[in-house]
Amino acid sequence: MFEAPSLLVPGTAVDRLVEDRLRVLGIAPAPLCSDAVFVRRAFLDTIGTLPSGEEARAFIDDPAPDKRRRLIDALLERPEYADYWAMRWGDLLRIKAEFPINLWPNGAQVYHRWIVQALRENRRADLVARELLTATGSNFRSGPANFYRAVQGRDPETLARAVALTFWGVRLEKWPRERREGVAAFFTGLRYKSTGEWKEEIVYLDPLSPIDAARPPVFPDGRPAFIAEGADPRAALADWMLDPRHPWFARSFANRAWAWFLGRGIVHEPDDFRADNPPSNPELLALLEREFVASGHDIKALFRLILNSRAYQRSFLPPPGIEAASAWAAHASYPPRRLEAEVLADALNQITGGADTYVSPIPEPFTHVPANVRAIALPDGSITGVFLEKFGRSPRDSGLESERDNTINAAQRLHLLNSAHVLRKLERGSAMRALLRPGGRGADAPLDRLYLAILSRRPSDAERRFHEEAAAARREVWEDLAWALINSAEFLHRH
Amino acid sequence: MSSSASLFRPMGRREAILTGLLAAGGLVLPRLHAQPAPTPIPSSAPSPKARAVIQIWLWGGPAHLDTFDPKPEAGPDYCGPFTQPIETKVPGVRINELLPLLAEQADKYALIRGLTHGVNAHETAAYIVQTGHPAGGRDVFPNLGAVVSLFKGRAAGYSGLLPPYIVLTEPQGRFSEAGFLGPRHKPFATGGDPAAERFLVEGVVSPRLSEARLRERRELLAESDTFGAALRARAPGALAAFDKAGEEAYEMILGETGKVFDLRQESEATRERYGRNTCGQSCLVARRLVERGVPFVTVNVKGWDTHKQHFQAMRRKLPELDRALSALLEDLAGRGLLESTLVWVCGEFGRTPKVQTDAPWNGGRNHYGKAFSALLAGGGLRGGVVVGATDARGEEVIERPVHPADLLETIYAQLGIDPSARLPHPEGREVRVLPSLAELPQRHGLLREIM
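Which chain is which? The protein sequence lines are D and L, in order. Just so you know, my numbering puts 444 at position 444 of the first sequence, and the rest follows in order with no gaps. Just so you know, my numbering puts 27 at position 27 of the second sequence, and the rest follows in order with no gaps.
Pulled out of the complex, with its shape left as it was, chain D reads as follows (with noise of 0.2 Å):
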């Protein structure tokens, strides 16, 4: 049910690479996931999205033979896309208008739209990276110009450990005190300056600042740069991560989508390069990162070549015989992992028709949301609501990819199995009453609507069995088999 070990699907490029790494290892790869799971691994990591009853089961009856990579296609282009990796950068770039970031409701919303365009319109990664690297401009007008804002300090070493951070995936305070110094030099010309606006500010270079020349600024690498006199040694900062020579802004992006898709980076953790930290697959990091560069930075193909791989659509299940780290940690099989907060919240309105109200403690405009906006949609960290908090949402206080958290515990648990709020969806929301209404045949019985409305798959003939003598018994089964397939593992992981 949940493997397809006949399945064949070409690859991609990459994967001549991972099996080769597991052949030294001496490790089986699992078996490609069945079609069930992969439509909803699929759109939960593309698109931050529960597939709907009818998507799942579409795709799972297609007979064609290339559905996996005509469904990829599909969810790169779909309007979530943009939303859900807006939700997934703003944790990197810190969008939130409160403490301690501070960006100021207004700063946040321009911050976050202009990422959500520049992911829609699928925007050169590199340029959208030399942007924010050399913004300046009002905080209230350009988008990019709040991530200087977006730190708990402004000298330029808090500065360029941003940017180390954001952009190479590289952690510079582990760095010694001279190398840190040397990019901080890139940054000791930039200002702020209010305006007549309330919280509204200026990010600008100072024309006046002077290079200090006992401390000039030097490339990451330890090469010294050259700046020619009036001109942002930003930019030259981004000619040099962007350049085919040494890209590490290609490198860090390559090596976090990876993990993103593959529950762990080929450095690991993915944000955090370092020469005592290499890669488990040196050839595999080569490779992403040059068809990163030789495909124009564009992130879709990026995604493309990593979704259609087989090393992505692998089963959760470890092959027998290997400790299942062992076999996550060399992409042998795919690593099950408990749903983001914000994704479960929108899965659980979208299978009983629910909606939340989202609020922030600013008594702002611009911090009002629709009541039926999605929480992969919302633009601010300070925007929030108890369930977001309980399941581990992103601070965004400092950056790191870790400060989102999806592990699992037992105040999550209790509200999932017990809440009022979860009941009440289940007991009053429109969509779960349609699902529930008796009647119909095979797929548009109770029992089946349920299946492949939360967990994207029919019941298996043994659960099918199992509940169908249940409900000859019982009254309220179908009612008590929706809140169990929501309380199951299988619902709160993606695998």
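Honestly, the hints are just simulated from the structure, not real lab data. Just so you know, these numbers come straight off a predicted model, no measurement behind them. Be aware that one or more of the hints could be misleading.
Straight-line Cα separation of at most 27 Å, DSS-like style, residue types lysine-lysine; simulated pairs [to be verified]: (1) D:K67 / D:K300; (2) D:K199 / L:K308; (3) L:K49 / L:K89; (4) L:K370 / L:K354; (5) L:K354 / L:K302; (6) D:K199 / L:K370.
Keeping the supplied structure of chain D fixed, place chain L upon it in accordance with the hints.
Relative to the frame of chain D, chain L by itself:
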């Protein structure tokens, strides 16, 4: 596996390479379900006097002049209608006239009148008061409750079934209480209203389902777990955190543990004594929780941000606080729990001593971080003491200034938590529970006067 076994190298070599690979990767296990448990550095502090803390948080900032630092001599521009503060059981110590029950208990608590941090923004001030760290640094520090949950919680041998850090009823919000310690150290927020007919603790008490139905559902969940069964068979431990969380949750829903929230187990007289309102009944639940070993409980009492109609609001809120807090102190003392339970009452700042009479405030008070008060009781601290003083109008601290870090250090000392102990940091940086006196010049040191 048997068919492919010959294609692959034998176990020994494979494991050797794997070990190398994983070690080179810096971590032995991928982070999938559980973060590695942080290991607190053992504290070298003296043996604890306090076992638990009840934090009564007056969210919004209560006016120090209208609570524990009255200034009737400053005239009506400052004290508004509250011109008759009352003597307490401790000679010479006066508090607001709407706190008569607390006045009778004054031997049980210390009043700190010299708190100061100078910040007038809610979120920043709340952060400073609850973490002891200045805002705007590179890290978001955990607050007192999260630190106690770290040093006195599960990793430190707390084996209670209730969460170690509980807040009644809503989280304090605006800043993440757990800071970089992450959601594991966030408080469990009860939701619901303990003053309602039934206290519907979110997730614990089901509003509609009978216990029989809850049990049926639990069985159904176990029986229809095809995915979990398959995954557990192939990857033992992959769902360990999920399963353990489920058991803990059900212990709260169906076990004895959740009954701690059932106030029907208390006598009518007791419930009346605390006051039949959210503040009073929350304090009663707090007592029940520490009685069962919970090390940190916050009662988040809202409604103190009184920019307008301040004095009308005080006439409502002060009698509630008076009943609730005096009942709590009396009850804890009566049960022999006050010695081991430290009660801390405070907001994020005080309020402007001079009443704002102009529109649109029309008799309100604004935020005031330069001077404010706290009440501390129990946990081995001395009662019947006033520490520090403000000037004749309550505008400046003129004697024994106290930074929030000084107050927190005092609480930590009573709990046996070393304020210089290292906190587990996600980037492995060396960060400590509190900034030292050398690092934070505004600090003045432990409140030895009451220890």
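Hints, one by one, checked against the model:
Between K67 of chain D and K300 of chain D, the direct Cα distance comes to roughly 18 Å. Compliance with the 27 Å bound is thereby established for this hinted pair. As the CA atoms of K199 of chain D and K308 of chain L are separated by approximately 25 Å, the hinted pair is consistent with the 27 Å bound. Between the alpha carbons of K49 of chain L and K89 of chain L the distance comes to roughly 25 Å, so the proposed pair stays at or under 27 Å and holds. Taking the CA atoms of K370 of chain L and K354 of chain L, the gap is about 13 Å. The hint holds against a cut of 27 Å.
Restraint check: the Cα-Cα separation between K354 of chain L and K302 of chain L comes to about 23 Å, which is no more than 27 Å; the hinted pair holds. Of the supplied pair hints, the one linking K199 of chain D and K370 of chain L holds, its CA atoms being roughly 24 Å apart against a limit of 27 Å.
Checked against the numbered hints above, the structure breaks none of them.
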